[in-house]
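Assemble chain B onto chain A, guided by the hints.
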Amino acid sequence: MLDLHHLQKHYSGQKAVNDISFSVKKGSIFGLLGPNGAGKTTLLRMITGIFYPDQGEIIFDGKPFNPLQDVQQIGYMPEERGLYKKMKIGEQVMYLAQLKGLSKQEALQKIKYWFEKLEMETWWNKKVEDLSKGMSQKLQFVVTVLHEPKLIILDEPFSGLDPMNANLIKDEIYSLAKKGSTIIFSTHRMEQVEEICDHIVLMNLGSKMLDGTVQNIKQQFKENKFHIRLAEPIQPPDSNLFHVVNHTDNALTVKLQEGILSNDVLQYFINQSQTIESFHEILPSLNDIFIHLVEGTQATARAFQSSNN
Amino acid sequence: MNKILLVARREFLTRVQKKTFLLTTIGVPLLIATFYAALIYFQIKSTDHFSIAVLDEANVFSGKLENKKNEIIFKFVQSDTTTLKKQLDDHTYEAYIYIPAGFNITRGDSVELRSGKTLGLLTREDIERTIGKVLEEKRLLMLNVSKAQIDSIQQQKDPIKFTSVSGQKETGSKVGISYLVGMIAGFLIYIILFVYGTMVMRGVMEEKVSRIAEVIVSSVKPFQLMMGKITGIGAVGLVQFLIWLVLVFGIQFALPLIFPELSTSVQPQSMPSAGAQAASAMQNSGGLSRLMEGLQTINFPLIIGCFIFYFLGGYFLYSSLFAAVGSAVNEDPQDAQSLLFPIMMPIIFAIVIMTKAVNDPNSSLAIFGSLFPFTSPIVMMARIAHGIPEGVSVAQLIISMVLLIVTFLGTTWVAAKIYRIGILMYGKKITWKEMIKWTFRKS
Chain A
8 MLDLHHLQKH YSGQKAVNDI SFSVKKGSIF GLLGPNGAGK TTLLRMITGI
58 FYPDQGEIIF DGKPFNPLQD VQQIGYMPEE RGLYKKMKIG EQVMYLAQLK
108 GLSKQEALQK IKYWFEKLEM ETWWNKKVED LSKGMSQKLQ FVVTVLHEPK
158 LIILDEPFSG LDPMNANLIK DEIYSLAKKG STIIFSTHRM EQVEEICDHI
208 VLMNLGSKML DGTVQNIKQQ FKENKFHIRL AEPIQPPDSN LFHVVNHTDN
258 ALTVKLQEGI LSNDVLQYFI NQSQTIESFH EILPSLNDIF IHLVEGTQAT
308 ARAFQSSNN
Chain B
24 MNKILLVARR EFLTRVQKKT FLLTTIGVPL LIATFYAALI YFQIKSTDHF
74 SIAVLDEANV FSGKLENKKN EIIFKFVQSD TTTLKKQLDD HTYEAYIYIP
124 AGFNITRGDS VELRSGKTLG LLTREDIERT IGKVLEEKRL LMLNVSKAQI
174 DSIQQQKDPI KFTSVSGQKE TGSKVGISYL VGMIAGFLIY IILFVYGTMV
224 MRGVMEEKVS RIAEVIVSSV KPFQLMMGKI TGIGAVGLVQ FLIWLVLVFG
274 IQFALPLIFP ELSTSVQPQS MPSAGAQAAS AMQNSGGLSR LMEGLQTINF
324 PLIIGCFIFY FLGGYFLYSS LFAAVGSAVN EDPQDAQSLL FPIMMPIIFA
374 IVIMTKAVND PNSSLAIFGS LFPFTSPIVM MARIAHGIPE GVSVAQLIIS
424 MVLLIVTFLG TTWVAAKIYR IGILMYGKKI TWKEMIKWTF RKS
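Protein chains in written order, with the working numbering: chain A, 8 to 316; chain B, 24 to 466.
Bound conformation, chain A alone (with noise of 0.2 Å):
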């Protein structure tokens, strides 16, 4: 659906985004995260048409991207939300479909659409001062998604949602995803994208640091560790299989030895005779990956730098 191929954009001298390249599946859900002032609001300005590159390619659906025509099919919710607080919302968001390229009617028929199934229909005219933040972040999602673009990015979609109200989108996201759209979500809250994402790329100062599927990423950077339940308490073994991580009463957590397989410390405890009642695997959030990467960089000296910028 979309290939990016070494983009590259500089502000005075910074390099904002630097040589990028991945791509996203038709109908994929696509995790952009990355630490503030990574570089991807930046990034996601070029793929919807409103910054031009300084370098690389971008291909929308099988084609060089032409902002011009491309951008209709595109919805692209940005992380500053923001809408004209003095106008009826029925009429905003019938003004902002027909830039979107849509038709009087064909406007009229999705919003009805939108508004009976997100139960909005008396917000028609009413002003968005009047509304809460919630129920604006709501309008403004109506507003991304209203045209049914091939692409839609949200950058911080969740923001401002109570619980309630974000699963109702996410709810819209997954069959949004199902109906064959794509979309692109840019966050820096990891255990959504954990729960949402099929495929994520990791960005810092602007670079490209990992690219794959949450499961991939999660084998890439897991530690050997495994958590065991025993049904009586024991002492903290000593084996030259593991060592212990964490103990308590009748749990482990240990980590495994160099070429020491799982079934290996199963089979200890099976000989030491205990009663085995859980035992997996502890793979790393995505969140520990997240820091692991990003702390040692200066990600939070540039983030301070490019908003005094």
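Only pairs whose alpha carbons sit at most 25 Å apart, straight line, appear in this in silico DSS-like list of lysine-lysine:
id : chain 1 : residue 1 : chain 2 : residue 2
1  : B       : Lys41     : A       : Lys93
2  : A       : Lys134    : B       : Lys42
3  : A       : Lys70     : B       : Lys244
4  : B       : Lys42     : A       : Lys95
5  : B       : Lys26     : A       : Lys134
Calculated Cβ distances over 12 Å to all of chain B for the following chain A residues:
id : residue
6  : Glu202
7  : Leu217
8  : Asp245
It should be emphasised that the hints constitute simulated quantities derived from the structure, not laboratory data.
We treat Cβ as the ideally placed atom computed from N, Cα and C, and that holds for glycine.
What follows is chain B alone, placed relative to chain A:
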């Protein structure tokens, strides 16, 4: 193109549908009309007069001084200066003139007037004229000029006839009317540039601050958004102007029907002190009928046509700059002030040049001002009011128009570049230096 229209339509409708639009469109001219009506009313009904006691011991005026209607009244008294001073204090008189017995006109003695309060310029002028006329007559009589001769001299009213090369008679009233029309048209354009320019700027700032700019820019090009905004607000201005035009002509037709006595009773005192030249020109030539005659010499289709052209040209030229400034400032409106300054300067210069150009439409300053595109919308109106070719030649008019169009295209191009970057730039104060840098950056 279609998207520019869409944006323009929204800008137009949201403004026109507001109650304030109706209020300003109908209210402002109504307010001005009532203000002038009140002014004229007080002028007619006014009982204010300025009474001057004349203690004429030398009998220079022989008990005769012409009063000016109800405004200035001379009263001859037999008294002394101390009582007169007292009478000044208790406001029996506003001033007194004391002419001692030894007063000699031929020696060039001057008459002395003492007043309790400061005299207005116009009152002073009136008194000078009345007394000066009498003194002059006296002097002439002393030089053995007969009364009949003096009267015959004073009878000639227009000592010089001003005619243009083309043979048209340039009456004083025509010059006066041209002056007024030029002044009004110039000021109108000046106000329009400011009002609608800042309206564009605030619209852009609103979009930036409410962050909707990014949403819209992801479906429209920034240039389309900017042009749509400018076109939409320009259309609001044009509609407002057309409504005013209809109102003015409507009132002109309606007034004589409603108040048939108005046209006769208002005549002598109709013009308030404002527009001094036009007023005096008209008073000399006899009131409303001459005013109408003067108005007929004005080429209104030409003026209205040019007005619309220069209104649009000037508006497009400046509003794109205002839009650029709006895109460069953040939440703090204070920032706008310093960025606006370079834009305001030429407009203010233009108004200064315009006030000179209505007096002398062919001075080199006026010619420069009417060709230089940043001042031409205002200055050219002042020259156009004097007509073609008296005020401005056809060639100059065409050059001015072409320059305006070319410059308007240029400023729009520059503004679009600044706007593109500024509209998505948050949290940072932007200087002119950076804006110039953006202009020359390749996109």
